[in-house]
Amino acid sequence: MEFKINSKILEKLLSKVIPAVPSRTPMPILENFLFDIKDGMLTVSSTDLEIALKSSINVAADENAKMVIPARLIYDIIKSLGDTQIHFKTEQNTKIVLSTESGVYNISYTSPEDFPDIPTVNKEKEITLNGNDLKKFIDQTSFAMSREDMRPAMTGTLFEFSEAGLRFVTTDGHRLVKYVNRNIKFNKEEQYIVPERAISVLSKLIGEADVKIFLSKTHMSFNFGDLDFITRLIGEKYPAYNSVIPLENDKILKVKTGDLLATIKRMMIFSSASSKQVKFSIKENALEISAEDIDHGSNARESVNCEYSGDPLDIGFNTAYVSDILSHVNDDETVFKLHSPTKACIIEPGEIPENEELMLLLMPVRLNN
Amino acid sequence: MSIDWSGIQGQASAKEILTQLVNTSRIPHAFLFHGPEGTGKYYTAIRYAQIINTNNLTDQSVAIHNHISNLQEPYIKFIIPLPRGKNETESSGPIEKLNPEDIQELKSELQEKIKNPYYKISLNKANIIKISSIREINKFLSLSYSDVKYRCILISDAHLMNEESQNALLKNLEEPPAGVVFILLTPYSNLLRETIRSRCWMINFQPLDNQNIKKILSDYFNVLESVAEEVATFSDGSVTRAFELINNDFKSLKEKTISVMRFSFGGKFHSALNEFGSYLSESDSDSIKLLIKMIISWLNDIQKHKFKLNKYFFDDHLDTLDKFNSKFPDVELNDIIVKLDYLSSIIKNNINLNLIALNIVYELASLTKRINK
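So the sequences go chain by chain: A and B. Each step along the first sequence adds one to the number in my numbering, with nothing skipped, and position 156 is 160. Each step along the second sequence adds one to the number in my numbering, with nothing skipped, and position 243 is 244.
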């Protein structure tokens, strides 16, 4: 079997597929690419058994072949070749010979039987999303995924399809993010939980182009035109997140997002390392934010301009969480909907594009005086 | 339905129980394979995983068979004790912080185990099953795998899970998701928590007989038949032990045992200690245990010879046994065996090996009244 290909084109192809190759694994087979040459089409795939990537390109090969090639080795050599024509040729069913004008590189390959199957997802359930939209959803929500394994469902992002729109939900038990796009409707209510690793790889792959998503019970596949990304889903039930969203929060606090975020960043310096607590003292049109580190005898206090008309209220938060949430509000104005110092607080952007909804929920911490 | 257990030597009752379970298609979700090292627990577990996954399935069964033989996820998740990496923290993955040499060692040991199911994996400094490995199981179980019939979680040396790891395992062991089978392998099931044991279907593995040991040694370890024949008697029915004896140069070990005893019984303490000295200089602390074990086997032979039993460890030294028994007809062997056992057990406390040697020589000499205690 032999074919010719430009090194830059091959490099581009391999660089798309390499993110799914695990860097440390006791299973040597996963450190390889699967090269599948079939009817003038070269398909390269990689997998770590949780996620898989697959991309194809046209080549003029004289016969079909399937082989397993060490991923790092071939990627590194192709990358360092510069812009040149590479001649691929297999020899004695064990070696692949890459030759350029000036060099010859021999790489041994193994047979494809042991390479794990790359799952294919049934094309029955399909939706198309704009690349920018999908990227925005992921950027807005992924920070709140749980890192603890105790409740596996919460370590992923929930994709919830419904008649009311497509919802993205993440939570770690302290905060919850819900992002809704009402433009994308689905006639049935369905939930899919995508694992954290898939989300982080996915966010790097998404470009401007439309993304086709195929759904099955066990897998979700994202098609980016020339690249397929397939991930296994978390097979657990997502917690009933709607029941923790309070409805009776009637005290509305409006602040400038940038001002508050800057203040919170300064408070992070003063809040104690163990509790990371920051206190919001809210009175009519006056917000005072303070933090204290008892161990070091230091404290700080700042006033922030705001609009507020309810009863005075003192409420404590974890500075790191407030800072995370404010960085994801994406609007000049932030609205806090409060009820009492022990009830969950809802944070929303002042303005949001039509047919979208962003809700961030944050649990307060108990103030210790 | 008959089931193919070919290649797995002995263990008739374990095979029978597993066959029955497959035939009644009631697959318990957790097993505890319990029995001495090197008796085929791992091999049986792998074969069982293949059987339950390919039962009543024809088209993909060869592929699945191979995946399982190669220890591939998702069919098999193989958990073994691992060394601790540098700067490893609570949140690190089990192999995330290992250095490249450790990973390389791990890979080659796994390859060896895949090739030879009776091989014993031994990794440097791997003396615990890490909590992160157990957490990884939990993560693996949370993923949706309804396209796979059975996922087997194989935990080798399960007794090396510490308290924390065992607790982390409990929840999933009790109610795993559908299509998951836990198989715990251990020679020391009493070191596991009662709560773990009570959740598992216990299957006992017996020591193998000499024929089986010989067959395994020649089939899987390429050991010459004559050597296999000789070692099998001393192996306690364990392939691992037999292989250990071969690695420690069984022939010379046997000769050393005889000469140490001959000198000790004869009161030639200096020569006996010299023999010990030369043996110790070329072997590590574990191999003196082998020597002690050999001596105990010899004493065992004396006892048997007294009662005219016919099966001996040292059957090529029958005349010596005969001579010993006629010369010293009423020696008390129980005490000395207990003492030797004790000496063998304190080696792990980093005791001076020459001191052990001295003790052994004097204990033996006291048998023939060369010294009075």
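Careful, some of the hints might be misleading.
[What the hints assert, rightly or not] Quick look at which bits of chain B chain A covers, simulated, 3 or more residues with Cβ under 8 Å:
1) 128 to 141
2) 230 to 237
3) 336 to 346
[Said to hold, decoys possible] Lysine-lysine pairs mimicking DSS-like chemistry, simulated, CA-CA at most 30 Å apart:
4) A:70 x B:150
5) B:140 x B:114
6) B:78 x A:70
7) B:108 x A:83
[Stated by the list, open to error] If you anchor each label on the Cβ, the simulated ranges turn out as follows:
8) A:222 x B:104: 23 to 31 Å
9) A:298 x B:353: 54 to 62 Å
10) A:231 x B:225: 54 to 62 Å
Think of the hints as simulated: they come from the structure by calculation, not from any bench. Even for Gly, the Cβ is constructed at its ideal location relative to N, Cα and C.
Structure versus earlier hints - violations, ascending order: The structure breaks hints 2, 3; every other hint is satisfied.
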